[in-house]
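Chemist: Below are the chains, spelled out letter by letter.
There are 2 protein chains.
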Amino acid sequence: MNWKKRNAKCGDFNILPQNYKTNNSPIILNGWVNNVRDMGGLIFIDLRDRYGIIQLVIEPENNSELAERAKLLKSEYVIWVEGNLRLRSNPNPKIPTGYVELLLENFGIINKSELPPFEIIDDLDTNEELKLRYRYLDLRRPTLQRNFIIRNKVYQILHKYFENNGFIEVETPVLMKSTPEGARDFLVPSRIHKGRFYALPQSPQIFKQILMISGFDKYIQIVKCFRDEDLRADRQPEFTQLDLEMSFIERDDILNLIEGLFVKIWKEILNIDIPTPFIKMTYEEAMTRFGSDKPDLRFGMEIINISEIIKNSEFKVFQDTLNNPNGIVALINVKNASTYSRKQLDNLTEYAKKYGAKGLAYIKFDKGEINSPIAKYLKNEEINSIKNAANAEDGDLILIISDKKYKALTILGALRLEMARQLGIMEKLKNIFSFHYVIDFPLFEYDENENRYVAMHHPFTSPKDEDLHFLDTDPAKANAKAYDLVVNGAELGGGSIRIHDTNVQSKMFQLLGLSDEDAEEKFGYLLKALKFGAPPHGGIALGIDRIVMTLAGTDNIRDVIAFPKTTSGMSLMDGSPSNVDDNQLKELGLALLKQNINSEENNEKNK
Amino acid sequence: MNWKKRNAKCGDFNILPQNYKTNNSPIILNGWVNNVRDMGGLIFIDLRDRYGIIQLVIEPENNSELAERAKLLKSEYVIWVEGNLRLRSNPNPKIPTGYVELLLENFGIINKSELPPFEIIDDLDTNEELKLRYRYLDLRRPTLQRNFIIRNKVYQILHKYFENNGFIEVETPVLMKSTPEGARDFLVPSRIHKGRFYALPQSPQIFKQILMISGFDKYIQIVKCFRDEDLRADRQPEFTQLDLEMSFIERDDILNLIEGLFVKIWKEILNIDIPTPFIKMTYEEAMTRFGSDKPDLRFGMEIINISEIIKNSEFKVFQDTLNNPNGIVALINVKNASTYSRKQLDNLTEYAKKYGAKGLAYIKFDKGEINSPIAKYLKNEEINSIKNAANAEDGDLILIISDKKYKALTILGALRLEMARQLGIMEKLKNIFSFHYVIDFPLFEYDENENRYVAMHHPFTSPKDEDLHFLDTDPAKANAKAYDLVVNGAELGGGSIRIHDTNVQSKMFQLLGLSDEDAEEKFGYLLKALKFGAPPHGGIALGIDRIVMTLAGTDNIRDVIAFPKTTSGMSLMDGSPSNVDDNQLKELGLALLKQNINSEENNEKNK
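If you read the sequences in order, they're chains A and B. Residue numbering for the first sequence follows our numbering, starting at 4 and increasing by one per position. Residue numbering for the second sequence follows our numbering, starting at 4 and increasing by one per position.
It is possible that some hints are incorrect.
Identical chains share a label here; the pair holds if one copy fits it or two copies do between them.
[Said to hold, decoys possible] In silico SDA-like links for lysine to any residue, alpha-carbon gap of 20 Å or less:
| # | residue 1 | residue 2 |
| --- | --- | --- |
| 1 | Lys357 | Gln425 |
| 2 | Lys227 | Ile560 |
| 3 | Lys407 | Phe318 |
| 4 | Lys407 | Glu305 |
| 5 | Lys390 | Ile377 |
| 6 | Lys597 | Gln587 |
| 7 | Lys227 | Asn155 |
| 8 | Lys531 | Glu122 |
| 9 | Lys379 | Arg345 |
| 10 | Lys156 | Glu262 |
| 11 | Lys534 | Gly578 |
| 12 | Lys597 | Asp584 |
| 13 | Lys7 | Glu253 |
| 14 | Lys410 | Gly362 |
| 15 | Lys134 | Thr175 |
| 16 | Lys338 | Met429 |
| 17 | Lys156 | Asn168 |
| 18 | Lys163 | Glu271 |
| 19 | Lys74 | Leu118 |
Hints listed in this document are in silico derivations from the structure and should not be mistaken for laboratory results. Because the structure is a prediction, the values reported are computed rather than measured.
Please put together the full structure from these sequences, using the hints given.
Modeler: See below:
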């Protein structure tokens, strides 16, 4: 070994001057050269490891050989150093080890570094592609180091919390059966059974239910799940889920358990006491008041339904909407936004149209005046009634949507969030965490594209006991024993009490348009298992990536995944997915379709 | 909810009579009917949950309605029961709750069960295929429940141990780059990049090294790994690995850390104090004395090299072997096996031939006689020298192999284990655990099929410092900074100090026959990463499945994996791998080769 092994870490010297004691045993550190500053009289080196940064100092006057060798040092070199701790004459209170420094007696280069393609600092204006290609350098940045330390803390809190609550970790298979439903499965060709495929799990849903049927009572797993979707910025083809399931419980057993978990996580990691109990809001209330099934409750700007107030209005747009039994007219009142310009309002209209709005009506109450393109169609008392209903004052801006109920609510929900962002409300709230549950989701939603019901959560979700009869009469009216956990407008996860009756499960599959044959082919093993003494059970799945993002205060999922993919599913560091040789494919009984061999060649050419 | 939720678990009543106190608050339990015994005067029901089994009793005399309803109960029904605890008149000290019983006041059926295809008991003589098909019932067996509780304890001990030692859990990707080397990768077609593939990791080796280069210092992960091999009984296509890596350390830092871990696991789970420090035995010594790189040190029967003793023998077989510079003649002395019959010895010869033996010579020392087919070729003093060297006495059986050194040693190593099994030595030792490390493995082994060097561990393993020069002169002589952890003849895992110098790594690839282009194509990102300040680092990977098997005392890996595959990689419960529809394949830019469409049709027909 041509280097000296450390007897301490760079972060060990978080010492205030009053606590400093002289200690003559030499300290050996190993780490990376963060930077070197040659001040002529003194040479300063910042040495970095996972635990912190400490200042090293060489006094050329007293050790010219060392000073000479230090000239070879460059950023990101790996070195060992040996020296004695002393108080700094120029302390830097901004860093934890800022009151002390290590006066070097010796050092050596363990490994050199080429000049990194970007500096190892935060808030770096480097394009993300370059950072992903050199991910090992990007991961040295203090923020990313901190994020993965937070992520680790989350794991450790989870492990302990669920062990203390009597759960057992069980691993479910990664190579499982393909049951295309919802998102696309990633497929894995079988070599032994040529022409057949495994699928990577979108979730271990059925397996965890089977574990309940096996009597495991309380199951927990931190598990990778996979979706072959067209990726958005905040999605990854593989993501990590806290997956749990319990038997012989009711909904609130799970909700209380998870509440306790988040109290613990927020306290231990952020030292924040989050208020409990978490509000439980029905889906209907969340939609009606906030236009979202994951409402951000940190601020008001609630939706107000003015259908009743303007039901006799002669304004044709409102009339037409309200003639539809499903139509509503509703608004949000944006305080202090009457200064919005025509151009800003046009942009807002465009924004609303992205959510399907046909248009956006507004009323500005500006310095005693009413400024609105629809004012001329409304009677004065109608405008006053609207103003009263909206609790509007001078300086406010009212945004009005008239449309089918849930569509109008969803658009207003989106506008509410957008206005909160534009007015800086979100920025002010960023260190406030509002946790709550949304409950009583509809069991089904109607898929207009497929012209059939689809499960709003998944097909294993139990209807509410009192709604069971709707399955035979009016399925759309049935609510589910389903729940989501929401924080600040983001869904952290969701779950449900499951169906434990094989007949109810069969009926669900029928209602979802699965033939008996299809149900048997895809889910026959679950239907069968339910016949051998299935206990009542339910669970939840929470997104670990999203939890860590919330704790770390980042909107970029790539900040909390060590080796993320790009939005096109590439890993730029290792170049996957990559070509494989023909023999590998032949062994799997597969051939590439001609068309993509061509497109692949084009890819190569475009490189 | 049409059932009463439990306020206790079946295993809660581990009460000795002297500690029993009357308590009149009713106890509610939920669980499975293990069995019902109608004794006329009394009805006994054994109720089972994950926590235990307790006897329920109904007194028809006092509660005829309940007794009537109890007639409906069958095994594996899920029920709720309410009653009062009392001391049994006929205690059963064999089960933890055997001193008490619950006198029922009420009960209800939560869910029924069809008649299970096999009884839910251990030591069941049901064929494994049926058990795998109904895995949810198989998993209810007490032994399997216990195995997964052991497995969970292992996880929890690991989590805490490594947290306390400053490690951080980081997840590495499941969708990664295919680098065929050694076993086959499972491939995952990319839909977005048609014609390209991800691979499932055989190990996160390169990623954990990259994490060290990123400065994470101490990494831990419990991680699924995948190998598309032709399966043996003790292999599964997916298996779980404890994967760790550390920076700025030497070999013994890792060995000591892991030793501490196993001391803790064995103490907490089996309450056994395993002896420390673990012996460190070189590969050369392990091979020479025990004929195995994972020797079972719980018993002797060591290999004795008699080449020197019989070097002047006129026996042609020995002569021919020893004329080869690489040849040896060696033996094991099997105590008290002189009674072995000709047939038994013939079988042993067949056994040895499976390991490549050309034949097996033996000498029996039986009641003062020497019984050996080779005796006639040996001088009396030669036989005496052999007897002395072998420390043989009357009643012993000597087995002799003459062959190339490592081949002869390997065959004798296999015979040693086989004899220990046949003579019941293994059975007697089954509760003794002998942990040790095998160190100083050769860096390379020569692959006769491929006619080239292959890495004995993997290509990232560092040569020993003092052997570095052999890379340029005689690579076969170089030993590696590699180590395996062995218990009772089974390898629990292995690791090494890695190469942290990009030039040494490049040279390794060259020696392994990789062209510069291939090395760049496959491992270019690692070679590049090593250029940006790689710290000295090393790690280990341990097989969780094997650890749990050792703790649970089973030889069947399917006893410790919740949803295992068969030896042909099938999951009999869900039927994966399965056919997928053409559209799914077309989306991936793939087609099945004609030949397997046919064979697939045949498969279908054979169903």
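Chemist: Could you run down the list of hints and mark each one as holding or not?
Modeler: Status of each hint after checking the structure:
For the identical chains of this complex, Lys357 and Gln425 are intra-copy neighbours only, at 17 Å inside a copy versus 77 Å across copies, given an alpha-carbon limit of 20 Å. Taking the shortest alpha-carbon separations for Lys227 and Ile560, only the intra-copy value of 15 Å comes in at or below 20 Å, while the best inter-copy value is 22 Å. For a Cα distance limit of 20 Å, the shortest separation of Lys407 from Phe318 inside one copy, 17 Å, qualifies, whereas the shortest one across copies, 101 Å, does not. Taking the shortest alpha-carbon separations for Lys407 and Glu305, only the intra-copy value of 18 Å comes in at or below 20 Å, while the best inter-copy value is 85 Å.
In this assembly of identical chains, Lys390 and Ile377 lie within 20 Å of each other by CA distance solely inside one copy; the values are 14 Å within and 113 Å between copies. Taking the shortest alpha-carbon separations for Lys597 and Gln587, both the intra-copy value of 17 Å and the inter-copy value of 16 Å come in at or below 20 Å. Within a single copy, Lys227 and Asn155 get their C-alpha atoms as close as 15 Å, and across copies as close as 18 Å, so both meet the 20 Å cut-off. Taking the closest pair of Cα atoms, Lys531 and Glu122 come within 20 Å of each other only across two copies (17 Å); inside a single copy the shortest separation is 59 Å, beyond that limit.
Taking the shortest Cα distances, Lys379 and Arg345 sit within 20 Å of each other inside one copy (17 Å), while across copies they are farther apart (113 Å). Taking the shortest alpha-carbon separations for Lys156 and Glu262, only the intra-copy value of 18 Å comes in at or below 20 Å, while the best inter-copy value is 25 Å. When the C-alpha separation of Lys534 and Gly578 is checked against a cutoff of 20 Å, the pair qualifies only between copies, where the shortest distance is 18 Å, while the shortest distance within a copy is 48 Å. In the homo-oligomer, the alpha carbons of Lys597 and Asp584 lie at most 20 Å apart both inside one protomer (16 Å) and across protomers (19 Å), since each shortest distance falls under that limit.
For the homomeric pair Lys7 and Glu253, the shortest alpha-carbon distance between copies (11 Å) is at most 20 Å, but the shortest distance inside one copy (59 Å) is not. Proximity of Lys410 and Gly362 under a CA criterion of 20 Å is satisfied intra-copy only: 12 Å inside one chain copy versus 84 Å between copies. For a Cα distance limit of 20 Å, the shortest separation of Lys134 from Thr175 across copies, 17 Å, qualifies, whereas the shortest one inside one copy, 34 Å, does not. In this homomeric assembly, Lys338 and Met429 come within 20 Å of each other (Cα to Cα) only inside a single copy, at 14 Å, whereas the closest approach across copies is 82 Å.
Proximity of Lys156 and Asn168 under a CA criterion of 20 Å is satisfied in both settings, with 18 Å inside one chain copy and 14 Å between copies. Taking identical chains as interchangeable, the C-alpha atoms of Lys163 and Glu271 lie at most 20 Å apart whether they share a chain (13 Å) or sit on different chains (16 Å). Taking identical chains as interchangeable, the C-alpha atoms of Lys74 and Leu118 lie at most 20 Å apart only when both belong to the same chain, with a minimum of 15 Å there against 81 Å between chains.
Violated hints for the displayed structure: none, as all numbered hints are satisfied.
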